[in-house]
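Visitor: Using the hints, position chain B against chain A.
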Amino acid sequence: MANIALGGSASHVSGETTRVARLQKFKSWDALFSGLTRSAAIAVLVLLGGVVVSLIVGSRLAFQTFGLSFLTREVWNPVTDQYGALAPIYGTLVTSLIAMVIAVPVGLGIAIFLTELCPYRLRRPIGIAIELLAGIPSIIYGIWGLFVFAPFLQQYVQPALITVFGPIPVLNMVFAGPPYGIGIFTAGIILGVMVLPFVSSISRDVFETVPPVLKEAAYGIGCTTREVVTNVVIPHSRTAIVGGVMLGLGRALGETMAVTFVIGNAHKISASILSPGTTISASIANEFTEAVGDIYTSSLIALGLILFVITFIVLAIARLLLMRINNRASA
Amino acid sequence: MIVSVFPPARRRSNSIFLALCMGAALFGLVFLVLILISLLYNGIAGLSPAVFMEMTPPPGSAGGLLNAIYGSVVMTVIGVVIGTPIGMLAGTYMAEYGRYSKLSSVVRFLNDILLSAPSIIIGLFVYEILVAPMGHFSALAGAVALAIIVIPIVTRTTEDMLMLVPGPLREAATAMGLPRAHVITKVAYKAARAGLITGVLLAVARVSGETAPLLFTALNNQFFSSDLTGPMSSLPTVIFQFALSPYKDWQSLAWTGALLITATVLLLSIMARALGATRTPK
Chain A
2 MANIALGGSA
12 SHVSGETTRV
22 ARLQKFKSWD
32 ALFSGLTRSA
42 AIAVLVLLGG
52 VVVSLIVGSR
62 LAFQTFGLSF
72 LTREVWNPVT
82 DQYGALAPIY
92 GTLVTSLIAM
102 VIAVPVGLGI
112 AIFLTELCPY
122 RLRRPIGIAI
132 ELLAGIPSII
142 YGIWGLFVFA
152 PFLQQYVQPA
162 LITVFGPIPV
172 LNMVFAGPPY
182 GIGIFTAGII
192 LGVMVLPFVS
202 SISRDVFETV
212 PPVLKEAAYG
222 IGCTTREVVT
232 NVVIPHSRTA
242 IVGGVMLGLG
252 RALGETMAVT
262 FVIGNAHKIS
272 ASILSPGTTI
282 SASIANEFTE
292 AVGDIYTSSL
302 IALGLILFVI
312 TFIVLAIARL
322 LLMRINNRAS
332 A
Chain B
2 MIVSVFPPAR
12 RRSNSIFLAL
22 CMGAALFGLV
32 FLVLILISLL
42 YNGIAGLSPA
52 VFMEMTPPPG
62 SAGGLLNAIY
72 GSVVMTVIGV
82 VIGTPIGMLA
92 GTYMAEYGRY
102 SKLSSVVRFL
112 NDILLSAPSI
122 IIGLFVYEIL
132 VAPMGHFSAL
142 AGAVALAIIV
152 IPIVTRTTED
162 MLMLVPGPLR
172 EAATAMGLPR
182 AHVITKVAYK
192 AARAGLITGV
202 LLAVARVSGE
212 TAPLLFTALN
222 NQFFSSDLTG
232 PMSSLPTVIF
242 QFALSPYKDW
252 QSLAWTGALL
262 ITATVLLLSI
272 MARALGATRT
282 PK
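In the order they appear, the protein sequences are chains A and B. Under the working numbering, the residue at position 75 of the first sequence is numbered 76, and the numbers go up by one with no gaps. Under the working numbering, the residue at position 227 of the second sequence is numbered 228, and the numbers go up by one with no gaps.
Any given hint might turn out to be false.
Some residues of chain A that are not near chain B, with every Cβ distance over 10 angstroms (derived) [claimed, not checked]:
| no. | residue |
| --- | --- |
| 1 | GLY16 |
| 2 | PHE71 |
| 3 | VAL95 |
| 4 | ARG122 |
| 5 | SER271 |
Below, in silico cross-link-like pairs of lysine-lysine (DSS-like), each with a Cα-Cα straight-line distance of 25 angstroms or less [claimed, not checked]:
| no. | chain 1 | residue 1 | chain 2 | residue 2 |
| --- | --- | --- | --- | --- |
| 6 | A | LYS28 | B | LYS191 |
| 7 | B | LYS187 | A | LYS28 |
| 8 | A | LYS26 | B | LYS191 |
| 9 | A | LYS26 | B | LYS187 |
Keep in mind that the hints were calculated from the coordinates and are not lab data. Small disclaimer: the values here were computed from a predicted structure and weren't measured. A virtual CB, placed ideally from N, CA and C, is assigned to each residue, including glycine.
Next up, chain A with everything else stripped away, as it sits in the complex (with noise of 0.2 angstroms):
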């Protein structure tokens, strides 16, 4: 290419000088910005790589001291410096259930609205709506769930439970008063509204890519509405629905401001989900300023490392799911 551009025109050996020139100035600029974009992409992994390597070393000294019984130690205090991680550990995984259960039915449930019932023109308007829950900040959930939500949660809804689950044996342990508003439950109702955006625009998402002769198939031999979405719908796009449910689980694991105002901030586990609570996330960001002393900071560190593998693994098996999904759409 470039021996036929020297050889085509050049006439004058000053102008072939400035060519050959300009055309080593490309030759270096493309070399130079290959290199500047293969060392950006580089610098990705770098940064996944130093946020591990970080946490891991501040991490070192708690467990080094309490060894892998930081785990599963339920005590959390800075007066004698004695640190376990089971009550946020506990807490996490509890409001993250909840935030599931709510939103994996209420997620699939405006898919099918979206893609089976809606009248075409406000398919888009309303699809807009529900994924600008997904852009609210967090803290915004969090001062609305404080000021608002909580107090409702423990007028109504909260002693409405209590009674009602009162006389069931297990249940009322699960549900037992007081109705303090704040806690564990509605941490978990908040994080479930979070994350319904996650589940519902990508089974949308999956259930628009359904070939429509399958759909239609099943009308065409006297199938209702419920039997082609619960019968064809959603098999033909269960690996998907299962990516965007984990999707959504890993954000709601890692969720922390939202959590944070209305979790309650107590380092004990309740069988009772109206009582309060602690989440890694909502711990870290609570005390890690106020934290004195290296054992202390250490282990919220540690806490940090915990939710970080715990979310990388259920972020690596959501992604691996929506992979197989799109390969198997482009092929």
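Guide: Relative to chain A, chain B alone:
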């Protein structure tokens, strides 16, 4: 009607199912509307010129959010200025030079994980690498934490948008003898411009509401400060501090700040959507 052909049991289960789906959509919309209404109801009362002209007050006296707004803008701008070029270059590598390379698929996978990683972990990371060695909290550390959140967002959208640029455009440019760097910067970037701007807008929207990574990097500051090496106030951290305080006037300022942030973020994401929609009609 065709529906009436179905036996009653199937018809009933179908209508219950459809009603539940409609209820689900209603559930989501009700939460959105409730949140927006309480923001307007609680936030608009405190909205006055003083909010933009005065500092955050001590409890019991009047004041505004000027230092917090300034800090948020400064850290967001620095974060985006640091994060955008790195993200764009990384995205460019994955879509152009290394589209089929092993490195790209690894980076793509890990970038997607970084995209959804808990932001509080980013805060811990920046604390470890910047705040602890420097010995004090700083606005710069806050901006770096925000940049780390910007990078995966911009990387992802850049790659997606460049992938949408048709190959023949690149081939035509290459056939004219342009080197690859020129093909990318002069042709592919131009064709994908709207999408690239969308990515940056989304990143700004996401970052301007972030609180967790700022808590122990930029910390907070009761006073106006333009010193990048010292602690700096920001809207989200002020909301956090004021909302959890027992003082009524602080809480009302927190609501006003929340209204400002939400309005900004929603405006940005709607703009990004409109811009994205003009180029890629769906």
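Visitor: Does each hint hold? Answer for all of them.
Guide: Each hint tested on the structure:
1. Every CB of chain B is more than 10 angstroms from the CB of GLY16 of chain A (nearest about 16 angstroms), matching its label as outside the interface.
2. Distance to chain B confirms PHE71 of chain A as a non-interface residue, since its nearest Cβ pair spans about 17 angstroms, more than 10 angstroms.
3. Every Cβ of chain B is farther than 10 angstroms from the Cβ of VAL95 of chain A; the closest lies at roughly 17 angstroms, confirming the non-interface assignment.
4. Distance to chain B confirms ARG122 of chain A as a non-interface residue, since its nearest Cβ pair spans about 15 angstroms, more than 10 angstroms.
5. Against chain B, the non-interface label of SER271 of chain A holds: every CB pair exceeds 10 angstroms, the least being about 22 angstroms.
6. Restraint check: the Cα-Cα separation between LYS28 of chain A and LYS191 of chain B comes to about 21 angstroms, which is no more than 25 angstroms; the hinted pair holds.
7. With a CA separation close to 15 angstroms, the supplied pair LYS187 of chain B and LYS28 of chain A stays within the 25 angstroms bound.
8. Straight-line distance between C-alpha atoms of LYS26 of chain A and LYS191 of chain B comes to about 22 angstroms, which keeps the hinted pair within the 25 angstroms bound.
9. For the given pair, LYS26 of chain A sits about 16 angstroms from LYS187 of chain B by alpha-carbon distance, which is consistent with the 25 angstroms threshold.
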